[in-house]
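*Asks:* So the chains spell out like this:
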Amino acid sequence: MITLAATTACQAIALGDWRNLLAVAWDFLALSLFSLGGGNTLLTEYHHMAVDQYCWLSSRQFADIYAIAEAAPGPSSMIVGLLGMGAAVQEGPLWGLLSGVSAEIAILLPSTLLMVAAALSWNRLRDSPWRVAFERGLGPITLGILFAVGLKILRISDHDTPAYAVSLVVCVLMLRTKISPLWFMAVAGLMGALGLVNHG
Amino acid sequence: MAESAAAPPTHLQLFLGMQQVALSSFGGGLSAWSERIVVEERQWMNAEEFITGLTVARLFPGPNQINMAVYIGSRFHGLSGALAALSGMLLLPFSLLLLLGLAYYDLHETMAVDRVLAGVITASAGMALSMGFKIAGAYRRDPVAMLLAGASFLAMSVFHVRLVPLVLVAGPLAMAWYWPKQKQ
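As given, the protein sequences belong to chains A and B, one line each in that order. First residue of the first sequence: 1, per the numbering used here; consecutive thereafter. First residue of the second sequence: 1, per the numbering used here; consecutive thereafter.
Note that these hints are calculated values from the structure, not bench results. Ideal placement from N, C-alpha and C gives every residue a C-beta, glycine not left out. There could be a bad hint or two in this list.
[What the hints assert, rightly or not] Covered stretches of chain A (in silico footprint by chain B; criterion: 3 or more residues with CB under 8 angstroms from a CB of chain B, positions within the stretch not fixed): (1) 17–29; (2) 61–74.
[As the list claims (entries may be wrong)] Capping the alpha-carbon separation at 27 angstroms, the derived lysine-lysine pairs in DSS-like fashion look like this: (3) K152(A) to K178(A); (4) K152(A) to K181(B); (5) K178(A) to K134(B).
[What the hints assert, rightly or not] Not the full set, but computed from the structure, chain A residues with beta-carbon under 10 angstroms of chain B: (6) M78; (7) L82; (8) L175; (9) A186.
Kindly produce the complete structure, drawing on both the sequences and the hints.
*Replies:* Dropping the structure here:
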């Protein structure tokens, strides 16, 4: 309920105006090279952009979209496409699709270009002290960020004790077993349908 | 490094091969499928080259599996090969996800959808929480690493420092600390 009140105070920008679309694409372009640890480090930034800065989504919608991107086949970093869609979908599905595709291209373009350069020059990079220091130095920072990201998503998703209990059980099972996460989502979804876990 | 047996793939083969990886990995295990298809079935790379690719993909910014597709594509045809492999990996899953997204934005206020999602997000929150624990073991014996991780966590969670300034300040400090002591 608190999150809902906070989002109504914030005015969503219209992406039908191409200058806004460019500003948003620029924000994703600028974030691309900071996607350490496989891209999950960016989730709190996406939340900040979509919920606090541009007011495209409520916190609850962000949690929904994160779950959908995790459940759907393919790399879960495609969540950016859904964020972009959320930014413009109220102006019609075509705007939603255009905005979603633009956002995804923007987030992937810089890291892809860097990766091409890295693949072509890896033999020289491999023994460079820069490579060693980058790998060893950024690893622990990524670790800290991932914990912050996990906590943030936990906070926006769970609002009562049963919900926190389900999340903790899933977390332990993710670490201790090789069960497909789709099963956890299916069981939790059923619990939601039966009213065992609620939000708000 | 031994060269792989098969002829280098064309752009179309890169596209189709990565599409096969994306479709096979429904429900997870993307990198295992990638190895099976790229190394065992199509023999574009040997196991050693593939593992090098995974190392590079994890090291550089960007989603791991997407970086791996880019790595594979660019090894054979540079930027255009990378784009072919990337398109193959993303085209179908991303189209499906956009359709799901349209359905979500249309239906999420429906009672039944809302209740199911209220359950599903508790599971995905648990998955998100597990990400840090998954890699924490590697740093347990290094007090400086734990200090860096703890400081980064506090900066973001308690002091609401944004990711970009955090990485720009802590990154160079950490790199200086871990700079290799002796030239090898």
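*Asks:* Hint by hint, work out which the structure violates, then give me just those numbers in ascending order.
*Replies:* Violated hints (numbers, rising): 1, 4; every other hint is consistent with the structure.
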